[in-house]
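2 protein chains.
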Amino acid sequence: MSEISTKPPSGMRDFLAADVVRRRHVLSVVQRVYESFGFVPLETPTIENLSTLLGKYGAEGDQLLYRILHRRDKLQRALQSGTATELELSDEGLRYDLTVPLARVVANYRDLPAYYKRYAIQPVWRADRPAKGRFREFYQCDVDITGTQSVLADAEVVGAVAGVLRGLGFTEFSIDVNHREMLRAFTAAAGIEPAQESLALIVLDKLDKIGRDGVMQELAQKGMPAGCGEALLGALEQARQPGALAAMAAGAGPFQGPAAALQALLAATADGPAGAHLRFDPTLARGLSYYTGPIFEVRCEGLAGSMGGGGRYDNLIGMFQKQKVPAVGFSLGLERVLLVMEERSMFPPLGIGPQLLLCLMADVPAAAAIRVASQLRAQGLRVEVFADDKAMGKQLAYANTLGAPFAAILGSAELAAGTVALKDLKTGEQLAVPVASVGVEVARRS
Amino acid sequence: MSEISTKPPSGMRDFLAADVVRRRHVLSVVQRVYESFGFVPLETPTIENLSTLLGKYGAEGDQLLYRILHRRDKLQRALQSGTATELELSDEGLRYDLTVPLARVVANYRDLPAYYKRYAIQPVWRADRPAKGRFREFYQCDVDITGTQSVLADAEVVGAVAGVLRGLGFTEFSIDVNHREMLRAFTAAAGIEPAQESLALIVLDKLDKIGRDGVMQELAQKGMPAGCGEALLGALEQARQPGALAAMAAGAGPFQGPAAALQALLAATADGPAGAHLRFDPTLARGLSYYTGPIFEVRCEGLAGSMGGGGRYDNLIGMFQKQKVPAVGFSLGLERVLLVMEERSMFPPLGIGPQLLLCLMADVPAAAAIRVASQLRAQGLRVEVFADDKAMGKQLAYANTLGAPFAAILGSAELAAGTVALKDLKTGEQLAVPVASVGVEVARRS
Numbered sequence: 293m294s295e296i297s298t299k300p301p302s303g304m305r306d307f308l309a310a311d312v313v314r315r316r317h318v319l320s321v322v323q324r325v326y327e328s329f330g331f332v333p334l335e336t337p338t339i340e341n342l343s344t345l346l347g348k349y350g351a352e353g354d355q356l357l358y359r360i361l362h363r364r365d366k367l368q369r370a371l372q373s374g375t376a377t378e379l380e381l382s383d384e385g386l387r388y389d390l391t392v393p394l395a396r397v398v399a400n401y402r403d404l405p406a407y408y409k410r411y412a413i414q415p416v417w418r419a420d421r422p423a424k425g426r427f428r429e430f431y432q433c434d435v436d437i438t439g440t441q442s443v444l445a446d447a448e449v450v451g452a453v454a455g456v457l458r459g460l461g462f463t464e465f466s467i468d469v470n471h472r473e474m475l476r477a478f479t480a481a482a483g484i485e486p487a488q489e490s491l492a493l494i495v496l497d498k499l500d501k502i503g504r505d506g507v508m509q510e511l512a513q514k515g516m517p518a519g520c521g522e523a524l525l526g527a528l529e530q531a532r533q534p535g536a537l538a539a540m541a542a543g544a545g546p547f548q549g550p551a552a553a554l555q556a557l558l559a560a561t562a563d564g565p566a567g568a569h570l571r572f573d574p575t576l577a578r579g580l581s582y583y584t585g586p587i588f589e590v591r592c593e594g595l596a597g598s599m600g601g602g603g604r605y606d607n608l609i610g611m612f613q614k615q616k617v618p619a620v621g622f623s624l625g626l627e628r629v630l631l632v633m634e635e636r637s638m639f640p641p642l643g644i645g646p647q648l649l650l651c652l653m654a655d656v657p658a659a660a661a662i663r664v665a666s667q668l669r670a671q672g673l674r675v676e677v678f679a680d681d682k683a684m685g686k687q688l689a690y691a692n693t694l695g696a697p698f699a700a701i702l703g704s705a706e707l708a709a710g711t712v713a714l715k716d717l718k719t720g721e722q723l724a725v726p727v728a729s730v731g732v733e734v735a736r737r738s
Numbered sequence: 293m294s295e296i297s298t299k300p301p302s303g304m305r306d307f308l309a310a311d312v313v314r315r316r317h318v319l320s321v322v323q324r325v326y327e328s329f330g331f332v333p334l335e336t337p338t339i340e341n342l343s344t345l346l347g348k349y350g351a352e353g354d355q356l357l358y359r360i361l362h363r364r365d366k367l368q369r370a371l372q373s374g375t376a377t378e379l380e381l382s383d384e385g386l387r388y389d390l391t392v393p394l395a396r397v398v399a400n401y402r403d404l405p406a407y408y409k410r411y412a413i414q415p416v417w418r419a420d421r422p423a424k425g426r427f428r429e430f431y432q433c434d435v436d437i438t439g440t441q442s443v444l445a446d447a448e449v450v451g452a453v454a455g456v457l458r459g460l461g462f463t464e465f466s467i468d469v470n471h472r473e474m475l476r477a478f479t480a481a482a483g484i485e486p487a488q489e490s491l492a493l494i495v496l497d498k499l500d501k502i503g504r505d506g507v508m509q510e511l512a513q514k515g516m517p518a519g520c521g522e523a524l525l526g527a528l529e530q531a532r533q534p535g536a537l538a539a540m541a542a543g544a545g546p547f548q549g550p551a552a553a554l555q556a557l558l559a560a561t562a563d564g565p566a567g568a569h570l571r572f573d574p575t576l577a578r579g580l581s582y583y584t585g586p587i588f589e590v591r592c593e594g595l596a597g598s599m600g601g602g603g604r605y606d607n608l609i610g611m612f613q614k615q616k617v618p619a620v621g622f623s624l625g626l627e628r629v630l631l632v633m634e635e636r637s638m639f640p641p642l643g644i645g646p647q648l649l650l651c652l653m654a655d656v657p658a659a660a661a662i663r664v665a666s667q668l669r670a671q672g673l674r675v676e677v678f679a680d681d682k683a684m685g686k687q688l689a690y691a692n693t694l695g696a697p698f699a700a701i702l703g704s705a706e707l708a709a710g711t712v713a714l715k716d717l718k719t720g721e722q723l724a725v726p727v728a729s730v731g732v733e734v735a736r737r738s
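The listed protein sequences correspond, in order, to chains C and H.
In this text, residue positions in the first sequence follow our numbering: the first is 293, and each later residue adds one.
In this text, residue positions in the second sequence follow our numbering: the first is 293, and each later residue adds one.
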């Protein structure tokens with residue numbers, strides 16, 4: 293016998309029945325709410341050409357891509373030189389997020405609606421170091437609207453995400469908003485060169501993790517001007533004060549435009565599901581470089597990190613076609629949502645597994661067992677048939693192991709009478725019930 | 293601007309909204325029926341260790357595996373020698389079927405039920421040559437029962453698959469059954485050596501494609517004894533005659549056991565959903581070598597090839613652990629099922645996309661539009677808000693483009709009155725409806 297490991301690979305998980313049912317519960321709410329906002333589903337392949345993926349996620353992202361090894365002749369040719377490189381060994385990789393495939397799809401199918409509102413619920417893969425709550429295969433739940441720069445589109449994606457969280461029972465969460473152009477104005481005002489802006493934002497994005505001092509140190513280490521960290525953080529703190537956003541929006545200079553855009557977004561969402569949750573956070577910086585306008589992040593009291601984020605990216609689709617197409621989107625991370633819901637017992641009762649185990653006396657022919665099971669299933673019941681020839685006590689004990697709330701005993705006497713002996717495993721009560729009435733009786737007792 | 297291809301990779305597909313909705317319709321029936329049989333869901337990771345996958349699908353299967361290229365240090369080390377092989381460049385691959393991951397799971401989680409009845413609905417990947425109806429990423433819908441050799445288990449997996457097909461509206465399909473031991477007895481009787489039995493069955497499996505003469509030629513080419521093909525095919529033809537199975541079951545020798553087992557299966561399923569569809573076909577041979585008992589294949593009038601298949605495999609799980617665990621399963625191929633359903637227009641009407649486009653006069657503030665949209669969504673409607681500032685005619689034309697059956701016009705007059713101008717886009721009729729009554733009015737007209 294073999295020494296094959298039976299564990300899933302590092303960072304990957306098996307989902308047994310209870311896990312699957314909980315995940316489906318969340319995804320069904322996501323789907324229902326996203327569809328109520330008029331989004332339509334899209335599913336893209338697991339495998340994309342590397343030419344689609346590379347250069348969209350920054351150097352670090354490229355490192356985390358799962359790449360598919362060439363096969364057969366192509367592999368042999370690549371290896372023959374003896375100096376094959378990563379790029380010569382592979383031209384396909386696994387989906388890394390849902391946004392880049394969307395951009396490819398928008399560029400590929402020219403008959404999509406002018407305002408393409410799509411949602412996607414699919415796994416993505418990143419060869420990151422596994423940690424608590426961080427996996428190498430995980431689901432994202434995205435909504436995006438392409439084809440418009442309207443604040444209504446920004447408001448709708450934010451509203452859809454808020455609607456999902458409220459639909460799942462979340463009450464205490466914030467959707468932090470900021471604006472890429474405002475971050476640009478703040479970094480410039482702090483004396484950071486435009487060429488270093490992206491790097492500075494990647495550092496600022498770590499504020500929660502490494503704190504004010506950490507950000508200042510790291511900015512200095514990266515060769516930014518002395519004192520720029522203090523200037524930047526000080527200005528951002530001031531911008532967080534009540535009234536500061538309105539003052540910027542009413543003012544002039546590079547802060548006016550983005551401040552007014554955020555004011556418009558806050559106003560547009562005021563009476564929708566996101567209204568009570570939106571919060572201007574001038575320190576919010578998203579790591580990805582493709583954002584061009586408002587950016588978002590969902591946070592939940594007591595959870596380190598975010599449950600999702602997004603923003604406006606008006607230039608990404610233009611990387612796949614001649615014409616620029618504006619777009620805005622929001623991505624919810626299923627795993628973080630599940631983590632919080634599990635910690636806080638936010639799941640409703642979920643039906644898992646069979647409701648009834650059909651237990652068979654030795655004198656029942658297989659055909660009769662299958663026939664009665666079919667009759668019970670036609671009543672909408674989830675029914676398992678005990679397959680082996682075992683003592684009735686063992687069969688009933690197995691029903692308990694399964695967590696089935698009911699068992700039904702079938703013997704030749706019951707067959708002749710057209711009944712089963714229905715046993716309520718919670719109360720221990722047992723009674724003869726006509727086969728045709730079992731569904732009603734189970735429903736009455738459930 | 294770039295020259296990036298915007299197509300999915302070869303053999304892969306994008307599913308736009310109508311595709312996703314049709315796929316979901318089928319999968320919802322699969323899930324409902326499988327659960328009614330007491331099966332519980334399992335989801336395993338996309339990526340498995342190659343040690344799990346290799347050697348389970350035969351040499352040809354190993355060739356079709358998608359392998360993940362090593363990264364960073366591991367890749368550098370592998371390449372340094374200058375003579376790296378496929379196995380040194382990769383130790384992970386993509387899921388190739390749902391059965392081997394199940395075997396790994398059964399070996400890994402020792403607290404699973406003694407009779408583990410699981411279903412799985414997941415994509416698998418095979419680097420096969422793409423062709424009509426053959427893709428490199430495709431979904432399988434599997435049911436399996438582990439832990440018992442009972443004919444009831446065989447009958448249940450066959451019944452579940454028949455139940456799914458009937459639930460989808462299929463009436464004319466057959467579930468062909470045969471037995472691995474009977475094939476062994478027939479090949480032996482035809483003079484084929486035990487060592488060549490598997491090879492002979494792979495050839496026999498092509499009978500539909502290459503015909504009698506093709507099978508006989510190929511057996512001869514593979515070095516089988518002269519005349520063995522004719523003997524084998526002749527005997528199989530005889531076994532197909534009415535009464536032949538019963539005669540073998542009543543007889544003696546190596547045919548008796550498997551014939552009696554198939555007789556028992558036919559009897560057990562007689563009054564269940566599979567009853568009318570089961571058909572003994574002594575020429576049925578499944579390519580995979582791990583089957584040990586009954587084997588199945590679903591065929592549908594007018595479809596070349598099968599919609600799925602399965603069988604009993606009592607030794608596979610033992611490849612992952614010391615203890616043997618018997619098992620039986622059946623796999624439905626989603627893509628073939630969809631192909632037939634599309635060709636035969638078997639789909640019910642499926643709601644795709646928004647039911648109502650909320651069209652906005654220029655005098656409506658964004659906040660009011662979002663508020664009214666929220667009120668409509670709370671009534672269960674799927675509502676899209678037109679985001680750009682365009683003439684009303686263009687907005688209504690867009691509703692038609694989308695295929696939305698209704699539009700609702702909102703201006704300051706409607707806002708003041710608490711109404712919308714609801715337009716039925718099928719009839720062209722337009723009437724003022726209180727916002728709170730739109731859901732009822734749409735339902736009445738749908």
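There's no promise every hint is true.
Pairs involving identical chains hold if they fit within one copy or between any two copies, as the list cannot separate such chains.
[To be verified] Computed cross-link-like contacts, DSS-like style, restricted to lysine-lysine with a CA-CA straight-line distance of at most 27 Å:
1. Lys498 with Lys686
2. Lys424 with Lys514
3. Lys424 with Lys614
4. Lys366 with Lys348
5. Lys366 with Lys299
Since the hints were made in silico from the structure, they are not lab data.
The model shown is predicted, which means the values in this text are computed figures rather than measured ones.
So which hints don't hold here, by number, going up? 1, 2, 3
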